[in-house]
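Taken in order, these protein sequences are the chains called A and B.
Adding 350 to a residue's 1-based position in the first sequence gives its number in our numbering.
Adding 983 to a residue's 1-based position in the second sequence gives its number in our numbering.
Rather than coming from a laboratory, the hints here were simulated on the basis of the structure.
One or more of the hints may lead you astray.
[Stated by the list, open to error] Pairs of lysine-lysine, DSSO-like flavour, derived with a Cα cap of 30 Å:
(1) A:Lys452 x B:Lys1111
(2) B:Lys1140 x B:Lys991
(3) B:Lys1140 x A:Lys352
(4) B:Lys991 x A:Lys356
(5) B:Lys1253 x A:Lys356
(6) A:Lys452 x B:Lys1081
(7) B:Lys1140 x B:Lys1081
(8) B:Lys1140 x B:Lys1163
(9) B:Lys1163 x A:Lys452
(10) B:Lys1111 x A:Lys392
(11) A:Lys392 x A:Lys403
(12) B:Lys991 x B:Lys1081
(13) A:Lys482 x B:Lys1018
(14) B:Lys991 x A:Lys538
(15) A:Lys352 x B:Lys1253
(16) A:Lys356 x B:Lys1163
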Amino acid sequence: MKIADKERIISNILLLTALSSIGALALITVFIFVEGLPVILKTGIFDFIFGMKWKPAKGIFSIFPMIAGSFAVMAGAMMVSVPFALCCSIYLAEFAGDTARKFIKPAIELLAGIPSVVYGFIGVTVLVPFVKNYIGGNGFSVLSCSLVLGVMVLPTITSISFDALRAVPASYREGALALGATRWQAVKMAVVPAAGSGIIAAVILGMGRAIGETMAVIMIAGNSLIIPLSPLDPVRTLTSNIALEMGYASGAHRQALFATGVVLFIIIMGLNVLATRIINRAVK
Amino acid sequence: MNARAEEKLAVNILRFSASAAIAILLFIIAYVTYKGAGSLTLEFIFDAPRDMGREGGIFPAILSTLYLAALSTLIATPLGVGTAIYLTEYTTEGLTTKIVRFGSDCLAGVPSIIFGLFGFVLFVIYLKLGWCLLSGALTMSFMILPTIIRTSEEAIKSVPYELREASFSLGATRWQTVTKIVLPEAVPGIVTGVILGVGRAISETAAVIFTAGSALTAPESILESGRTLAVHFYIMAREGISMDKAFATALVLIIFILIINVITYTLMNKLIARKKA
């Protein structure tokens, strides 16, 4: 075989492997939609999304309480995580010494490595009783869930914002310092605004993580089918609805869980695409 | 408030936040160690569970976990490294690379429960594999693919261009250059990605429980169901089977994760040191 032929074959094989990730994404989309769409279309898109009743035994499938639940815990998690993560990333990128950074950065990244079931379990054994005894409600609540999710998405937001802050040219800092600003003023007025789009992308990806998290949420959220009106109310999210009932669902019920997955998938993909757009625009 | 005082206050708040993050991590590790260390014995590690896990150990779960991690990285690594080679060595930035990157980025953001649903319907039902380690590993390999692509790409990019030029000037083909020059240099970075993938496979629950199932027996082939450590821990904790054993299982999980993080951290540092040199 000629060398050129061999090279062309290799190149084509590599191209095939390179298409594996987009292929996987396409497969996932197709299978989730094929399984889930019939129920959505049968119920009607509007009724499926905005209806209040989820009664699998009667074949009634509407998921508004879970959509509200997912967004409630996501919003709560962001309230915890965004300020926390921003402080961590600004400290790491702008103020920490090399030694401190070498120690703190991997430690925060390690938080992302802790399995979500472990977060869930610690939430149940430590946080839920704490909320119940000192704040109110029965502990299984939007509040407990938000606190745990806030810690879980901390590494995502911190490390992406860190990269964004690091990418700000040194001249921004030097310019501000030369004008007599303190280091904090330079960070606040020049560096953080310059890293703004990267930080926003980090927050959006964090939102996706929070909405997509499953195991910890099942264990802490209480899973009641109501629209949470107070932070102490229990809540069921889109993800926990799927994971809770998947074990025993069949027929139309199972398809309805895939339909829940379709809505979850669309929300998450929307957030991902938004974040990627923002990052790409910032790079240009 | 003058600027100096404001700066002092701000830096203190920032430092406090970073310390709080560390404190949370240390608390998690300390709490699981404190609650789990009492039941973590050699018998616990090497015994089979009895009475749904109330008695005995977790050896079958450790086996299932290792099989699943090994199998999923075995599937994902060639695909991921192949993708990285294609992106860095065989093409220039254009529509194809854009599509590949989009696919990889989006795949990285797909929540694990969606992978679980997908793996269940494709592998368990449609391909009739049933709940088994192979279904679990195929699902997990999709999940860890983006990590392996990203780390391998960075590793390959960090290989100095002069090495390739030297190789080409000796008459080597592109493929010879890749396999004999570039890949050996990029191994530490690729290994980092693979180990990160192992870490995800070990700690994953939602995607595994619906694809690999939760059989308590030690799997004898990849076509049998197996319960990984994370799944075992989840079932024990959720059904309140045994809190002591659940914590001990969590401790084993955390020890695995710590070891994995130490290895990747050391490899990364070596890589960074080489880049600077």
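Hint numbers contradicted by this structure: Numbers 1, 2, 4, 5, 6, 9, 12, 15, in rising order.
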